[in-house]
Structure formats: C-alpha cells, structure tokens
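**Student:** Chain U: place on chain S using the hints.
Protein chains: 2
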Amino acid sequence: MKKQKNNKIFQDKIIPLRDDIDRIDSQILSLLAQRHDQVLKVVELKKEHNIPVYHPAREEDLISRIRIQAEKAGLDPGFMEDLYRIILRQSRVKQTDQMEVSSILPGGKVLIVGGSGQMGSFFASLFKKSGYEVRILGKSDWYRAENLCKDIDLALVSVPIERTCDIIEKLQYSLPLNAVLADITSIKQEPVKKMMECHKGPVTGLHPLFGPDTGSLDKQIIVTTPGRDAKACQWLIDQLSIWGAVIVRSSAAEHDNIMEVVQALRHFATFCFGQFLYNRDAKLERTLEFSSPIYRLELGMVGRLFAQNATLYSEIIFATKERRDLLKEYIASLKSHLEMLEKNDKQLFVEKFNKVSEWFGPFGEQAMRESTFLINKLIERF
Amino acid sequence: MKKQKNNKIFQDKIIPLRDDIDRIDSQILSLLAQRHDQVLKVVELKKEHNIPVYHPAREEDLISRIRIQAEKAGLDPGFMEDLYRIILRQSRVKQTDQMEVSSILPGGKVLIVGGSGQMGSFFASLFKKSGYEVRILGKSDWYRAENLCKDIDLALVSVPIERTCDIIEKLQYSLPLNAVLADITSIKQEPVKKMMECHKGPVTGLHPLFGPDTGSLDKQIIVTTPGRDAKACQWLIDQLSIWGAVIVRSSAAEHDNIMEVVQALRHFATFCFGQFLYNRDAKLERTLEFSSPIYRLELGMVGRLFAQNATLYSEIIFATKERRDLLKEYIASLKSHLEMLEKNDKQLFVEKFNKVSEWFGPFGEQAMRESTFLINKLIERF
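Protein chains in written order, with the numbering used here: chain S, 1 to 382; chain U, 1 to 382.
So here's chain S without its partners, still in its complex pose (with noise of 0.2 Å):
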C-alpha cells in the first residue's frame, strides 16, 4: 500500500519533467532541420563560386568555441565535441554528397575495364554522377574494345589482381595515345610496369585502400603510384582528391613492401586466428556473454574478414612470392616462442614486450587513445 502511494508521488512529479525533456528534445530537433537547411544554402554558394566543401580551420575553430560555450553552460564539454563532431561530418557527407557532381574534365570519356565488378562499378557510378561520360568493357565486351576506347581520356583497369596483366596487353592495341592508363590492383610493381610497356601515352597506378562497400570517398585513402607524364595524370588525382579521398604518392616497391605487412601479413594473420577457433569448435555465443568490448572489437575484426570473400582474400594474401615468404617467415617466427611457453619464462616475456613496446613509441599511447573512444563508441551503441 505503502508502495504503490510513494510510485503515484513519484509518477505524478516525474511526467512534467519528462515532457520538459520531450518539448526540449523537439526544439533541439527543430533547430538541427534549421541547421540543415543553412549548411544546404552555404553548399550552393560555394558550388556557385568553385569553393571547395572543406574548412577544416573554420571546423576546429567551431569546435573550440562549443567547447568554451559549453564549459560555461555546466555541459562537459568532451560530450559537446563529441555531439558537434557528428553533426559536422554529417554536414560535410552532405557537401560532398553535392559536390560529386563536380567535375575536373567536364564531358571527360571513362572507361572502366571491368566495370561489372564491385570497385569497378562504385568508380563508374562517381564518375557518373560527376556527368564524365563513362563506358564499361566486360568480360564479352572485347569484340568491340576498338569502339569503347574511342576518344576516351582515362582507361582504369579494374579487374582481379591476377588477371591485371593479361588485361593490360589486350587494352594496348585500342588505347589511345593520350589516354590515361590507371589501375586499381592492390599490388603495384607489376602492373605499373606492364602499363608502361604496353602504353606510350600518361600512366599511373592506383591503389584505394578500402571495399566497395564504403559509401563515399570521405576520407578514404587512396595510394598513387606515378608511372609516366604525371601532368597529364593529374585531372584525374585532382578528381579523386574532389570527391574526398586523400591521395598518398609512393613508388610502386614501395608501396608494395608495406601492403604485403598492411594486407598479406595482417588478413593472414586474422585467419590463421579464424581457423584455429574453428578447429577447436570454441563456444562463440557464450564466449561474447563474457566478452569486456575489446575483446568484441577484437573478435568482430576475425568475423568481419570471415564475412567477406574468400577469393578475394586469396587474391589479396597469394598475390607475391614476396607475399607467400613473407608468411612464412611469419610462422617460423612463431616457433621462436616455443621454448619460452615450454620453460614457462615469464621473465624473457617480459623483456621481449618491453622491447617491442619501446619500438611502438607513441603509437601505443595514440592506439590506446583511440581505441578506448571507440570502446565507448560500442558501449553507447550495442
């Protein structure tokens, strides 16, 4: 009796604070839509005047002025950068969102080789967008390879790594000479050698470090790897750059040295991980019950590979010979731990550690840094 009387004190006083909470809520939603509506009326001047989307310095100088603002309205001001980071982004998606209409070489001619497939068909698709004539060559195309170079001004070779160089042979007869020739292959030494050979005219490699699944470029890194005539390859770097990507110069052995670390080492790395819990049939379910959310982030980076595509991976980890000893080298390495486990050398353990978490340097700190934001990212979400 006595506790249903205190829960109808408190329903009675709670309700007009919670519909306090739902009339601010309302206004706050409000004005976001206000917002949205400006931030839509500065893109269109900017599109008007060739501005581009980006003020990185008038982002910072907002966020430090919300930080103040905030400190002096009793708000953390973290939860206020927090907020505005995603409200920013959200405006910047929706920039670039209407600046992918624009265009380097207006009326420019594009042909994918390879179109059909996924990356291939997201370039196509923001050339597109952009009013670039595009054109694909597949697989029953070849007959007509004549009529589909007509004129064009970029050719990008987007097939599977180990079909690249066939590909590059048969294009040579139809290219013309002041095409551009690119490539988007996760090795580079190769095909940028095989285009040089076949192609007279601008060449360059490209490597975009990310899936088809990503929804735009924002951000989104995307290697070149200079081949010939880097002038005339520019319209096309200065297009990528436009539509938000960050463009990363490397030579092509360069590049190929860190990508076998970057991708072979690490994706074989996560299946050799993959593969072993599959072996002992560990109890997936009821170990995520017990998983602290690093573990879930560490365990999610073993599904997410899973839940790609296995050929894809093959092409990506086989790729070399360098590849392939490199991987080797790796599970030899492994072995060197053996004796330590067997003496149970907890001390030798210890120094190994501290050794390599001296070579880290300040990555470690960083690396613990952003990966505890995104532990909180997880908790707040899932």
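Treat the hints with care, since some could be wrong.
To be verified - Here are the simulated DSS-like pairs of lysine-lysine, each with C-alpha atoms no more than 30 Å apart in a straight line:
hint: 1; chain 1: U; residue 1: Lys200; chain 2: S; residue 2: Lys283
hint: 2; chain 1: S; residue 1: Lys41; chain 2: U; residue 2: Lys72
hint: 3; chain 1: U; residue 1: Lys128; chain 2: U; residue 2: Lys170
To be verified - Cβ-Cβ distance ranges computed for the label pairs, FRET-style:
hint: 4; chain 1: S; residue 1: Tyr173; chain 2: U; residue 2: Phe10; range: 28 to 34 Å
hint: 5; chain 1: U; residue 1: Asn7; chain 2: S; residue 2: Lys13; range: 54 to 60 Å
hint: 6; chain 1: S; residue 1: Pro16; chain 2: U; residue 2: Gly211; range: 37 to 43 Å
hint: 7; chain 1: U; residue 1: Gly211; chain 2: S; residue 2: Gly107; range: 56 to 62 Å
hint: 8; chain 1: S; residue 1: Gly138; chain 2: U; residue 2: Asn7; range: 43 to 49 Å
hint: 9; chain 1: U; residue 1: Asn309; chain 2: S; residue 2: Ile63; range: 42 to 48 Å
hint: 10; chain 1: S; residue 1: Lys13; chain 2: U; residue 2: Asp12; range: 50 to 56 Å
hint: 11; chain 1: U; residue 1: Thr320; chain 2: S; residue 2: Pro16; range: 55 to 61 Å
hint: 12; chain 1: S; residue 1: Trp142; chain 2: U; residue 2: Asn6; range: 46 to 52 Å
hint: 13; chain 1: S; residue 1: Tyr173; chain 2: U; residue 2: Asp12; range: 21 to 27 Å
To be verified - Here chain U is said to cover these stretches of chain S; the calculated rule only asks that three of the stretch's residues, wherever they fall, bring their Cβ under 8 Å from a Cβ of chain U:
hint: 14; segment: 32 to 39
hint: 15; segment: 115 to 125
hint: 16; segment: 172 to 179
hint: 17; segment: 299 to 308
hint: 18; segment: 312 to 325
hint: 19; segment: 331 to 341
Note that these hints are calculated values from the structure, not bench results.
For every residue, glycine included, the Cβ atom is placed at its ideal position computed from N, Cα and C.
**Tutor:** Below, chain U alone, put in the same frame as chain S:
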C-alpha cells in the same frame, strides 16, 4: 580582379549564413543545458524514491520517436539516432555518477586485500563513494590483519594471480565466519577452490573483464563463479549491478576454459604479431599513412597491448599449464598452413576460409556491421 570581386560577393553572401548557423548552435547548446538540468531533477527524484537509474524501454521509445520526427523534418534518422545515443549515454553516466552513492548494505565494512594496486584502488573508491567503510590490507599490514578484519562484511582479494592463493591462506586466520570472501583474479578454478578450503563462510569468485582505467562500471562485464552460500553473497552482486556492471554467472571451470581463448590466446597472438613487426623493423609511421581506417584500427589493437603493463600480460598469458599448452597448440596449428603457402594453393585457402566462415555464422555479419559503425566513428574523429 574578377576573382577578387567574385570572392567579395561570396564573402558577403556567406557571412550571414554562417552567423545564422552560429546562432542556431548557441540555441542548441542552451537547450542541451536545459535538458541536462531536467535530467538532474529526474535523478534526484529517482534517488528519493529508490527507483533504478536505467529505463531501457524509455530510451528505446525516445530513439524511435526521434527517428520518426527526424524523418518528418527531412533529417537523416540514423544521424539523429547517433546524436541521441550520445546524449542519452551522457545523461546515463551522470545518473550513474549520482547513483553511485546508493548502498545495498549501508555502513557495511569492506576489506580490500591489495587495495594499493590499481584494481584494488578502483574498487576501494567505488565502495567509499557508496558509503561503505573501506579498509586496505597492503603488503606491510599483515601484523594488524586481525584488527583490519574485525566485523568486516566482505574481504575482496585483489592481488597478482600468482600470489592469490598464498594471500587467501594467510587471510584465513583473521577472517570472521560470516564475512563474504571474494577475489577478482582472472583465473577462477584455483582461487575459488582455495577460498572454499580456507573459509567456511560465504565465498564467491569474481572476474571483472576490464582494466582499472575504465572510468565507470557502466555496461562492463563481471563474471561471478559461485562458491558457497550464494544468498549471503547476493548483496555484493546487487551492489555491483547498481554500479552499472553486467553480471554473468558461470562455473569456475567454464570460465577458465573460455578465458584461455578470450585472454591468453588473443593476447598471445597479438604479442606475436607485434614482435614480428618489431623484428622486421616495419616502418610504422609510413605504414600508417597507407592505412585504411580498418587497418589503423587493427594495428591500434596491437599498439594498445604494448602500451600496457608487461608483467600483467605475462601473468595472464602464462597463468596455467592449460593456457601454455593451448598456445603451443596454436603455434603448431600455424605450421599446418605452410604447405598451402609453399604450393601457392589458393583453392585450399578458399575452402578453409569458407568452412570457418560458415562456422562463424551470423556473428560475421554482425561483426561487419559493428566494425563498419566503428570505422565511421574513427573517420569522424581522427
């Protein structure tokens, strides 16, 4: 000249738009401050009436409502949901902060054995905030153990794994019969067995699945492995729940089995990967310039390990013979892939991959979704 004029026109038009946006931002901020005040009033009311902090149903209602309103106002519902997840989390943290003072056993006496360590201090401060009398038994306090143990309701053992059993033995002579004896070691079979032997009163094993750098217990997991007289231990479990922890019940054997994989194997695999990068002296900084957000995140998981305490990880990895055997098994399992690499047998890789993929089942898709969400957060923020 023309460009300058163009620029002048642009500036004249954009300034009022930006002023408008700034004005809207100020209004949003002031509404958020009002919202914050109302939330504090709700917390006060809940405290007065002893009502739990969370109201998950209300949160999900609110999110659904916000999404519908967003749609109507022409805003992206996903974007508004992201925003409100942050706002709700912030208000939940505030509420938990306020509620942390709530005590299940008002005036209870808690002894933290090893309370000067990081985890010990963390729990000590939680108990203190909730009005418990907290006593610390450090290395140099054993001469007055009898006094420190007098009338305690709980002795919480928070010492390094390898010392846990010895400490429990030492403790038995001073412990009152009806005090709860609990430990927070990351293995559970041995410590729980030892506690059962040394104490005839209530016993429970605990394993908090997080480090001392976690700001709050909000949504963090604590595994409990019951020992004796679960009823008498219940107040402790309830207290942990009130602080926001998610309690997972398990047998000590199941716990240790799962932790072999979740902790020992995962950390060891990460250690091996870092060690290999160090041995090759991989160019870390340049590599990061080439890194897609997903690789940055993966490398971040490695860097994160090495930013932490070597001894702590040596204890986790080398804790039991079972763990060391598992790791040897893991090393052996990698060797089984050598032939596949030597023969360049992509087909075998694809077959293996697909089997694991099938075994992962729906977790793969879920991991894909969660990690894509996080990658977007990473892009937003860094």
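**Student:** Indicate, hint by hint, whether the structure satisfies it.
**Tutor:** Each hint, compared with the structure:
no. : hint                              : result
1   : Lys200(U) - Lys283(S)             : violated, 34 Å
2   : Lys41(S) - Lys72(U)               : holds, 20 Å
3   : Lys128(U) - Lys170(U)             : holds, 25 Å
4   : Tyr173(S) - Phe10(U): 28 to 34 Å  : violated, 49 Å
5   : Asn7(U) - Lys13(S): 54 to 60 Å    : holds, 58 Å
6   : Pro16(S) - Gly211(U): 37 to 43 Å  : holds, 42 Å
7   : Gly211(U) - Gly107(S): 56 to 62 Å : holds, 58 Å
8   : Gly138(S) - Asn7(U): 43 to 49 Å   : holds, 46 Å
9   : Asn309(U) - Ile63(S): 42 to 48 Å  : violated, 34 Å
10  : Lys13(S) - Asp12(U): 50 to 56 Å   : holds, 53 Å
11  : Thr320(U) - Pro16(S): 55 to 61 Å  : holds, 58 Å
12  : Trp142(S) - Asn6(U): 46 to 52 Å   : holds, 48 Å
13  : Tyr173(S) - Asp12(U): 21 to 27 Å  : violated, 56 Å
14  : 32 to 39                          : holds (count 7)
15  : 115 to 125                        : violated (count 0)
16  : 172 to 179                        : violated (count 0)
17  : 299 to 308                        : holds (count 9)
18  : 312 to 325                        : holds (count 6)
19  : 331 to 341                        : holds (count 7)
In summary, the structure is inconsistent with hints 1, 4, 9, 13, 15, 16 from the numbered list given earlier, while agreeing with the others.
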